[in-house]
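Chains S and P, in that order, are what the protein sequence lines are. Numbered according to our numbering, the first sequence spans residues 30 to 315. Numbered according to our numbering, the second sequence spans residues 30 to 315.
This list has only true hints and no planted wrong ones.
Intra- or inter-copy, both count: the list cannot distinguish identical chains.
Below are the SDA-like pairs computed for lysine to any residue, each with C-alpha atoms no more than 25 Å apart in a straight line:
| id | residue 1 | residue 2 |
| --- | --- | --- |
| 1 | K186 | G129 |
| 2 | K234 | R269 |
| 3 | K309 | P237 |
| 4 | K309 | E259 |
| 5 | K309 | R150 |
| 6 | K234 | A277 |
| 7 | K66 | T78 |
| 8 | K309 | A157 |
| 9 | K194 | G53 |
| 10 | K50 | E83 |
| 11 | K309 | S153 |
Please keep in mind that the hints were generated in silico from the structure rather than gathered at the bench.
Listed here are the chains, written in short residue letters.
2 protein chains.
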Amino acid sequence: MALIGVGLMGGSLGLAVKRAKLVGEIVGYSPEPAALKRAVQRGAIDRFTKSAPEAVREADLVVLATPAGSFEPLVKECASSFKLGAILTDVGSVKGALVGRIDALLPPHVVYLPAHPLAGRERSGIDASSATLFDGCRCLITPGHRNNQIGRPDALKRLTGLWEKIGATVTTLDPFEHDRYLALVSHLPHLVAYALVNCAMDAAKEAPGLLGFSAGGFRDFTRIAASSPEMWRDICLENRAEILSALARYQSVLERYRRLIEAGDGASLEAAFRDARRVKEELRSA
Amino acid sequence: MALIGVGLMGGSLGLAVKRAKLVGEIVGYSPEPAALKRAVQRGAIDRFTKSAPEAVREADLVVLATPAGSFEPLVKECASSFKLGAILTDVGSVKGALVGRIDALLPPHVVYLPAHPLAGRERSGIDASSATLFDGCRCLITPGHRNNQIGRPDALKRLTGLWEKIGATVTTLDPFEHDRYLALVSHLPHLVAYALVNCAMDAAKEAPGLLGFSAGGFRDFTRIAASSPEMWRDICLENRAEILSALARYQSVLERYRRLIEAGDGASLEAAFRDARRVKEELRSA
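Next up, chain S with everything else stripped away, as it sits in the complex (with noise of 0.2 Å):
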């Protein structure tokens, strides 16, 4: 297995992969040597390369674990020297368009099975990584349109059956359908969390003890904040028209709120509130 990218999620599937035996050597690439030092110490990969085609040359199994915006040019870069009937899949957030994309780069012979687990946490890099990151998560698999692909039904059979290994529930879902759901429910919330800190860190240039008060609520948005940043603008830069659809639903909502605040409308708010709290039944029976 070669492993391209050795952060959090890259670092955590190495462990968990390692700790269930399911492959024999894995081999890392990372652009950041420092990490791939690491990640051997911590047991993550068994060596590592100084480029991502000699990473790639020997593996049955290729996994690209690194921002979203990478892939194109790291599988540009190794499309020639990928191993015959190699399966070729990712643990990004973002899928739509980019599949398609990434298929035409590959040679025939290839199968690309994107993957995304449901799993993260506030901290990111390498030293984050944990064999149980994914136990217990949910890891959608989002193949493209690429027609009657030889080795394709034994190859989702064979990433499923490793994700399941190491915890995860498995759900196979269209790439576009991934992108529209996904901008609702996570890409969304991180944005929604980033502007408010960088709301409270603006005002607090005026009020410098003002974020000693915060409590609960708004330290919940700071750990949200604190996920990487390079991968949020590849998220934000390849999901942009369905991230820009949920967006306006969003401000659409809060212009809403900011109405009957404006009016003094407690029974509409109040009504909205409730609303919102009956969210956490349906996450239960979901």
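Chain S is already provided as a structure; the job is to place chain P on it using the hints.
Relative to chain S, chain P alone:
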């Protein structure tokens, strides 16, 4: 001590004060009789009365722990029943002009010292209360501008001592400054979370499986949005001006994000996200 309201905050205060043996009898009153019975069972109060004036009659210390919108009618109702030299306090999240309005309703022999412990949890109600809720929290005391009131310095000392003995760190603050700060680091975050959950629920009407794709980020929001709807309604109404100003600031950050995403300006997005990440270090040193 009299406890008016025996939900999460009132119940926890009763339990904490009892455990530390700081007062004699605790007499409770609430418009919800079922909560009073549970509060006796849980040991948060010793007995309860059928009206607020009966509860306050013999109390040296009276605590309002109902939604802030009920403070004025309750104080009006109790005005002639307070004991000579009684201290009135509360655990509400809004101060500002409300403090002066309550001061104006009180007889000269009652000292009002508004308080706001920065503590909370996702659930509300007596069954969510805990004797350790305030352990390690910050408690803001925001005296009004009633001049040279006899007994006020002693009352402040006594109330500060009580909060310190149940684990809080006390800061004294102007009530208007309190509302300006809390609008940004507490009221706005709650509104933002409620709005996000409303937005996702609205979208889920068209995409029934949507909420099942939610992971960490969104779930943090649903926890925040599970706070008491009545309490947040009252906060929005009472701290309207500061909340509207914080909301306007937030809406402009969000609109800036929207434009950056639309323009595909990855560098500026990344810079904004990176900036937000810094707040966690600032919080640690705050």
